[in-house]
Amino acid sequence: MTEPLLQVRALCRRFGDLRAVNALSFEMEPGRVYGFIGPNGAGKTTTMRILATLDLPDAGDALLEGLSVLEQPREVRRRVGFMSDQFTPYPNLTAGQFLDFFARAYGLRGRERVERVTSLAAFCGLETFLDRPASRLSKGMGQRLHLAKTLLHDPALMILDEPTSGLDPRARIEFRELVRELAARGKSVLISSHILAELAEICDAVIVIERGQRVAFGDIREVGKGLHEHLRISLRVLRDGAAAERFLLTQPQVQAVSRHDGRLSFDFMGDEEALSGLVGRAAGAGLGLVEVRLLESGLEEIFLRTTRGELQ
Amino acid sequence: MKSGAPQLGMSDRLNAVLVRDVQQMLNGRAFLAVLLLSLLSVAVLAALVASMSDQSNGRDAFQMVMVALAPVLTLIVPMQAFFSARQEIGGGASELLLLSSLTPTRIVWGKLLSSAVQIVLWTSLFAPVMAFTFLLRGISVVEIGAALLLAMLFGLTMSAAGIALGTLTVFRRVAQLVNAASLLALSAGTFFFTGFLAFGLSELTRGSSVVGTVVAWTIFSSGAAMMLLMIVACSQFTHPYENRSTGFRIYLPAVSLLCAGLTLALVDKGDRGESLVALATPLLAVTVVFGVFAATEGAELSPRVRALVPAQRTRALLLAPLLPGHGRGLFYTLLMVALLLALYPLARGFGISSGVSRLYQGYIDAGNVLALYALFYASIAASIRRRFPEGSSRNWLARLLVAIVFVLGCALPVLIQALAQISGWTPLQILNPFWTLAELDDDASSAFAILAVLTGIALLFQLGPMVRGMLEVAAASRHRRLPPPAEPPLPAPAAHET
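Taken in order, these protein sequences are the chains called H and G. Mapping the first sequence onto this note's numbering, position 162 (from 1) lands on 162, and the numbers just tick up by one. Mapping the second sequence onto this note's numbering, position 89 (from 1) lands on 1089, and the numbers just tick up by one.
Pulled out of the complex, with its shape left as it was, chain G reads as follows (with noise of 0.2 Å):
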């Protein structure tokens, strides 16, 4: 058999995806270059280390490995990931995968793993030099352990937001400066990451109570930012044809109730209620941007959803929300601000103490607000989208509109109050949800009343799209019911024809 035939392996079971991309990691001359470097750096660090003659230095070795291994762990194996996604979207070659039997989760996946394989390899190098730091007392195991954990699952984040720009193919025209971007995003974080683990999170893990806590929460929080970004890139990896809406529809429900799960589980008895209202304020923020690119999609399903619509029309019509389309986008919107609302009075359920309840009371008030945004965005990014034929670049030109419409909502009527000299909240601010917000502490009752009115009747213009957006479900779930029909002959030939 020749050297570049296949051979039978270990890889036969794992991810495709996985297996081709850390053969062009070890083919490429990057790995190479980063290997000697890393070498290098360990020869380096065993130097440094064993000329330190204190025997309790031990944390401040493992800081010095943590500063060189950093780096690599957020900033180039996240860089490789964004290039790899990249030239796949971008190479033509993900239509080739769309035609086999791989799924985008699973080239996504495949792309994560092969990070994450990649982070192992590095972290392996950097081993013996950690174990010289623990050997030189002042450190324990748990604490290497505890920052090399979260090290690895910062760089793993890291990694799913390089895949996740990677394959943003709607900024293609301006794609130097989206890499750009990226790199200095990337970059930061690798700063950010760097300083907080080698002078923070020594000091934290340090016989802290609140250790555990701080470490799921952390855990959670790159799980959840992960799952997003792996959602973005799912979705530039499916066919403009088919379902790339229902996995960003079922992720924010299933993050905020995880969220309240985990804030029952790890808060204090006494502590739920301030908890759950500090929950779901800033989760209705997030439901303003959710519901306005639920709310800018195509008005229909296309074929090949609608062939995927259950043909029970109860189970149908529960998913009909959770399905792609501006109506059903509305109706979302609504469920979603309906789950997190409802937050609020189990928090009161559970108590909110007297001492900080005018504080926390401000949350809700926020929160109610912010749900109104959320609604009343939604219905005009639904009614600017509307005006535009199918097709998944309208859909971001309608996103384009809403974020315009915003920003001059905010700018111009400041500009008019400042030349005509009027100062404080006016009806002119109503799409300008910084200052209304603002407005809550002085006089909450105008502001409010003003914005529900006008979020109602936005609502009720959109009640045609919404119910029209039910009854496609419906009726895509009958169509799956009946009988298939009868072939419709081909048509008669032409004169020269056969």
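Chain H extracted, bound-state conformation (with noise of 0.2 Å):
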């Protein structure tokens, strides 16, 4: 087994009387992309903030390559990226300078910097913005300046919050891109969003919390399953839908059968083995079988079905 990038142990920071993190413990993998999900106020910019060490649990701790967040934030510092829904570029200095005053300090020295803000600068797509005032840059461009400093020390871990919040469709798009391929550099992400639809094609897993406590956690298709206690099926046919329908309702094991143009999706109570042997009869029944797909839950469902929307 993989040894954990990340491990978060039970977690807890109270502001008075408001719980914001309650016994929160989940685990990260190194080189996957973790979507990080709640209602608002659920704690999740609170657990970010300690993990990139900006804030102090009242009890647990996070271990990031086994150093504590508590205990050895200047190690983990160099080791996460954290880039927060906020981002205030300094006046009168340019995209490149702003870029380049990071490196320094981060202490990049020499042609190190020089390459490392040049090739971050290319991967974001800022090339032939350095040169302008990065208080003058469009949402979508700061965002991704933003993200390029994130990236100049390298981290093993980026904790991003809700990156692509205000941003217009294009940028949306253009931002997931750009997450998608740090995972596929090897980076760990830890990414939350409100747009579940956006974190469903980006991430491999899910940490869902509510009132600062971890309610659902795990790989999104596995969660899914967890959550119902069937398989959802759906058939295409090419010839008549109706019949198909009835052979449906013959056959052991399913229920809740419903059609619509020529598609039928169905709840099976069976294993993958049974499932093997009606799709074997359905093929068999001359109904013109083209398509079997298992129905999985994305984040939305997954969400919804965790969730009670309860605010603190």
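If you're looking for bench data, these hints aren't it; they were derived computationally from the structure. Some hints here could point you the wrong way.
As the list claims (entries may be wrong) - Just the calculated beta-carbon pair ranges, DEER-fashion: (1) L1264(G) / G66(H): 44 to 54 Å; (2) L1359(G) / A59(H): 39 to 49 Å; (3) D58(H) / R1481(G): 41 to 51 Å; (4) L18(H) / L1262(G): 49 to 59 Å; (5) A59(H) / L1317(G): 24 to 34 Å; (6) W1217(G) / D58(H): 41 to 51 Å; (7) S1124(G) / H194(H): 49 to 59 Å; (8) R1029(G) / G66(H): 43 to 53 Å; (9) Q1312(G) / S138(H): 53 to 63 Å; (10) T1103(G) / E112(H): 15 to 25 Å; (11) D58(H) / L1359(G): 55 to 65 Å; (12) R1029(G) / D58(H): 21 to 31 Å; (13) I1404(G) / D58(H): 27 to 37 Å.
The structure presented is a predicted model; accordingly, all values stated were derived computationally and were not measured. Here a beta-carbon is modelled for each residue, glycine too, at the ideal position from N, C-alpha and C.
Using the hints, put the two chains back together into the complex; each one sits in its own frame.
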């Protein structure tokens, strides 16, 4: 089993009477993208700030590559890149000078600094914007600059707190591509967003929290499976849909059959072995079967089924 | 390579904040405006100096140049530092910096260096006119050098003040007020400085024997002020859960010892006793303020500070008074008071002239009263702080309450005595150090005795927090010596988890 990159252990954080984070635990493996979702006020930002060493838990700890955010903040900061939802560039500084400053601030020297800034500007599509004042960049370009800044010290873990908030659809799609590219380069990413469809496309796993507590955690597919006691199947037939519906209703372990435009969907109470038998019988029944699909729970369904929308 | 792309260059080894601040300055419009104004001033001054027919008018011409240069060095550069620091803290950029390899010290140092660069830049702009003033005769190179050195030093000290004021987030809600007050203070400083330099320094430096001592003390005072202001700024850039306290706690004994050392080095052998007394008494007054600040910190060490406690028990306990926490703060005040009171027997050892012995005995008595007040107010402060939960905002709340207690303790008894038509010092005035110090002239014994008894009682009440503060450090040290505990397993996943 791969050694976890991040181990979050019973993290607690209170603000007066409010329990922002309540005994939260999870682990992250290297090179994977984790969606961090929950209703407003669930404790996502607080957790992310603790992981980035910007806040201190009242109890519990988090270990990044075995280093404690509580006791070894300097070492953790060298390994973590935190991109908050707010970005305030310095006035009277170009985008290039902004990146150059942070490269120096992260201790990059000489050719390494120049090359890192140039390559990250290229990666984030900023080459033609480097001589523009950073404070006058569009929101989308500003977020790219923020991302490039976060990547300067080559962190093992990227923490992105609602990075696409306020971006237009094109900027959002482009940003999503950048995160996908980061994952392809082996970075671990913890990303929060309220746009679940967007997260579903880039995340391997999900952590759902509500009222500071973990309510779901794991691979999206597996978590989705865990929400149902049965499989949800979709069939498409070329010919008589009504005949196919009658066929399904006669089959064991099949329930809740519905038909729409030649596509049938139903709940299957058996295991995958039994499903294989059912598909074989359907193919032999002359229904013109062209497609069988296992319907998985999306992030939206996971979110709706695991959270109650309770606010603190 | 695009024009905005970074270049390799000489700046590679420089402080990152210095490089960025200079870039920001050069990109800004304010720089261009000040540059044009300064060039205009230089041109006008050059014309005026050239028109001076009297060949011994160099001194007047130099004073004229300094009057033009002083506002740039002591107002414009510090204001730039003030706004730069305010932008750094208020714009939320300081969090980004905290995540980098830059430490608060390097950030503040970079800002101060950036001010120094600006000071050198503006001074060099006026250098050609200054050279003219020397050619006019009537002023020596040493005088020009000393005046310039002090001008730059004051400019740098003002810049440190600007940085410190700009970072004070505790006043965020009254930021405008602070802004205006700092502007006023800096302006007042400028006028004082301008007048001092233009009309005072040149007279003082004219062949006087005390020039060396004056310059040495001025440099030391500016340096000490700058250091304190930098510690203030550093503490504001430091994460609230990290150690904001030790810098202040080291500062006071370090400056006290340096002052004593400088006194012994610069003062004539026969005057050393008096000088040490004159030094210790005001330092005891400063200890009252430092003591209150140290005693109004939260009780416990944050996990991040605990992780830095030395594993070796003796070292940990020796360092304990320098670590944050109000119990340790009280202990620190006690040690600080003891250190400064020890200067009095040392002074007596050097000898105090019989002609002024009565006067200096008065200073020593005042110092003893101030020592008691340092402990008394620190105990009150610790007692107030104990009633609030942990958190840096509560530290400030406790400090505010101590200030209220002080003001009420001074004002109310005066009012009561006025209404009751009682004159003179009464035990009601015990919270009023001014009246108690004034009472020393008349009848020291009763006021001093009451204050000593009350301080003793107050300290007795704080014995528990002091001991707990030291035990906490000992426990942290012991914890650091232990092997790391085995990792607890993750909790079992819920039904829909994997």
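Subject >> Numbers of unmet hints, in rising order >> reply: Checked against the structure, the hints that fail are numbers 2, 3 and 12, while the rest are satisfied.
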